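Number of protein chains: 2
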Amino acid sequence: MVFDHVALVSKDISNSIDWYVKEWSAKILYQDETWGLIELNGTKLAFVTPNQHPAHICFEINEKFILEKLNKNTFKPHRDGSSSCYIRDPDGNFIEFLFWPNKGEKNERT
Amino acid sequence: MVFDHVALVSKDISNSIDWYVKEWSAKILYQDETWGLIELNGTKLAFVTPNQHPAHICFEINEKFILEKLNKNTFKPHRDGSSSCYIRDPDGNFIEFLFWPNKGEKNERT
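Note that the protein sequences, when read in sequence, are chains A and B.
Counted the way our numbering counts, the first sequence spans residues 167 to 276.
Counted the way our numbering counts, the second sequence spans residues 167 to 276.
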């Protein structure tokens, strides 16, 4: 498992991204009305809307990890080709496990 | 600014850390009753109690960054020699900026 991003809840993705760009020189990686992804000096920060996703921390994982640790979980496909599942820690904090089925050798590092 | 850690709220630091160690092979970096710090494959995850700190994302910064961007903020010293301040984004999400006054050249990277 390799850290991928932290996702924060935003009521207005555009407003959030503008603030991070203006105040902290973030780079925009993706933006629409329900999802945003920025980079802050090499670290990815996502924005999710209250009705779509919970705030979470995301780790990228590979197939071996899924087979060993998440074989009972259902992975939901995303529009970008990846898929993921969410679990909750003892306090209800959300952890997303992100999998890229066609990423090939890059997943060897996880 | 360089990503340092994500902090999640935990009602029971010991219980949270046990779960991350057992389920996800986390390493314990620090633990007491009000604060915990673990490493998940190179990424630091902190646990804070509801009354002590908010959930947050933390970036380490250097003196130049403070002078340029945070010169109106008050930095609170910690018991480990570091100091930090918190700001909030437009949605109220907390960002901690962490400064190590005596870290020397290592801060040149931020």
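Hints are computed from structural coordinates only; laboratory data are not their basis.
Bear in mind the structure is a predicted one, so any value in this text is a computation, not a measurement.
Do not take every clue at face value.
To be verified - Simulated crosslink set (EDC-like; lysine to aspartate or glutamate; CA at most 16 angstroms straight-line):
1) B:K238 / B:E205
2) A:K188 / B:E189
3) B:K177 / B:E199
4) B:K235 / A:E262
5) B:K242 / B:E262
6) A:K235 / B:E189
7) B:K238 / A:E229
8) A:K235 / A:D257
9) B:K177 / A:D255
10) B:K242 / B:D255
11) B:K235 / B:E199
12) B:K188 / B:E205
13) B:K269 / B:E229
14) A:K188 / B:E234
15) B:K188 / A:E234
16) A:K177 / B:D255
17) B:K235 / B:D255
18) B:K188 / A:E189
19) A:K177 / B:E189
20) B:K210 / B:E262
21) A:K238 / B:E234
22) B:K177 / A:D257
23) A:K210 / A:D255
24) A:K177 / A:E205
25) A:K269 / A:E205
Hints versus structure:
1. B:K238 / B:E205: Violated, because 32 angstroms separates the two Cα atoms, which is more than 16 angstroms.
2. A:K188 / B:E189: violated, 39 angstroms
3. B:K177 / B:E199: Answer holds: B:K177 to B:E199 is near 10 angstroms, not above 16 angstroms.
4. B:K235 / A:E262: Not satisfied, since the Cα-Cα distance of roughly 32 angstroms exceeds 16 angstroms.
5. B:K242 / B:E262: holds, 11 angstroms
6. A:K235 / B:E189: Measuring from Cα to Cα gives roughly 8 angstroms; hence the hint holds.
7. B:K238 / A:E229: violated, 48 angstroms
8. A:K235 / A:D257: The hint is violated at about 20 angstroms.
9. B:K177 / A:D255: Cα-Cα ~11 angstroms, so holds.
10. B:K242 / B:D255: violated, 19 angstroms
11. B:K235 / B:E199: violated, 33 angstroms
12. B:K188 / B:E205: Judged against 16 angstroms, a Cα distance of about 13 angstroms means the pair holds.
13. B:K269 / B:E229: holds, 11 angstroms
14. A:K188 / B:E234: holds, 14 angstroms
15. B:K188 / A:E234: The hint holds at about 14 angstroms.
16. A:K177 / B:D255: Holds. A:K177 to B:D255 sits at ~11 angstroms (cutoff 16 angstroms).
17. B:K235 / B:D255: holds, 15 angstroms
18. B:K188 / A:E189: violated, 39 angstroms
19. A:K177 / B:E189: violated, 33 angstroms
20. B:K210 / B:E262: holds, 14 angstroms
21. A:K238 / B:E234: violated, 49 angstroms
22. B:K177 / A:D257: holds, 7 angstroms
23. A:K210 / A:D255: violated, 22 angstroms
24. A:K177 / A:E205: violated, 19 angstroms
25. A:K269 / A:E205: With a Cα-Cα distance of about 21 angstroms, the restraint between A:K269 and A:E205 is violated, given a limit of 16 angstroms.
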